[in-house]
Amino acid sequence: MSATAARSAEAAAPVPSDVSARYRWAASGIIALGSVASILSSTAVNVAVPTLEKVFNAGLTDVQWVATGYLLGLAAVIPVSGWVSDRFGTKRVYLVTLTVFVVTSLLCGFARSVQTEIAFRVLQGLAGGMVMPVGMSMLMHITPPHERGRMMGTIGVPMLLAPALGPTVAGWLIQNFSWEYIFWINIPFGLIAIVLAWFWLRDSPRHDPGPLDVVGLLLCTPGVTVFIYGVTRAAQNGWGSSAALVPMAIGVALTGLFVAWEVRQTQPLLELRVFRDAAFSASMLVGVLLAGGMFGATFIVPVFLQQVQGYSAMNAGIVLAAQGFGSVVALPVSGWLTDRYGARTMVLAGICLLVAVSFLMATVGPDTSGGEWALLLAGRGVAVGFSMMPAFSAAYVTIEPRLISRATALANTAQRMASSLGIAVIATITADRVAAQLAHPIFHEGVKGAIARGFDEALLVTGGMSMVALGATMLLRRPLPGGPGSAHPALAAPLRRLAVALSVFGMLGLALSIVLGFELL
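Residue numbering for the sequence shown follows the working numbering, beginning at -17 and increasing consecutively.
One or more of the hints may lead you astray.
In the DMTMM-like style, the derived pairs of lysine to aspartate or glutamate whose C-alpha atoms are separated by at most 20 Å in a straight line are [what the hints assert, rightly or not]:
no.	residue 1	residue 2
1	K36	D185
2	K73	D185
3	K430	D414
4	K73	E162
5	K430	E35
Think of the hints as simulated: they come from the structure by calculation, not from any bench.
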């Protein structure tokens, strides 16, 4: 959630007396429905990458922008979503962004060039990035403090389930219908959410948001986008080429100007001063490295399964679902263990497992079975679940209460940017190594062999990113009793039941993915 939205929620007057429990839970369901569409868009596309390469006659580094563009769109609007909500009203913004999201989802299916597809995906991300933070702001306005834990648990369920189900559903749609349906699947969720929100949701109280930091916005988003563009050009022109170095240099310069501008503002777009807190900085470093590695690997694995091993899109989705279900199993458990043993212990354990799994995945070959893949990806999902969420929650242990909302906005933005950069880097490394292998005079393994070599080296990079994150965990601190991460006593039993239900569901899904994986050719 953005800084302004969080501040508005915290500063709002007591919950209106006419807000019933029935309305609160209905509102949470409507907002969760809208969130499903937004999250599906960030997970379903990965399975379609090989298909999109053929449809648009484009290379991997071009098609990766279909995924990266959406994430960049999300990252661009998160910092300003709160300001826009306060300025124009939460219900109005929620309805407009959902409508734009549905329209752009429709347009994505009609694109006939990779450039047009990327443009529509960026617009889709700009709309989708507003849905979650604006919805969360609406919930905070109508929910008493002692019920917010349960409400957050409800709204968080689609965040757990969409990554697990998205790849499988996308693969089934591609195999039985066409690639356009991976974008059109969002439309029913969005339309239902729009109708329900129009008739049911109420607007939240408006607040004076103050002036928008336009200069900061114009420096931040272009800086990151240009830098990522330079990274992708490296695969086509070489890392030392001007086509790669010039955009990367411009991106670094714009980002540097953004930092210099922000630290001098009384109402900055992003509150960078929170990086003075060592624990927060360490947590962000760990979280950013994990997010980049996770999204990068999730992007490239379906490419290997389909282009090297000949899996159909649906079968690749079934195998990839094991990672999502592994996270579903681990996330509720990791929250309880973090409160008991501290974030540092959980993050260390999770990253050690992640490093081991990453290096094991770098040894896979054309003969690796679907069941072995499912086991490896399940282990990766468990590792991410045990490390990423505790790392981000540990960021707020020593942050002053008045800065928590600003730190939240910064963390969300950093995670989205890292996800985009992770996909770009991993796709670029893979494409670069494939080209190098095919150009080598003594290499005779063909395109599939070259992709396999490139994949192995890319996975080694993700393992190296995880090893760098290990060192930063030493600065993480254990949550204080009653502080962030500690559940309200009245919520302990409901949250435990939610954790058990999610874990059981995750284990059933995980078992099914592994069993089906061993049945695949």
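Exercise for the section: Just pull the numbers of the violated hints for me, sorted ascending. Expected result: Violated hints (numbers, rising): 1 and 4; every other hint is consistent with the structure.
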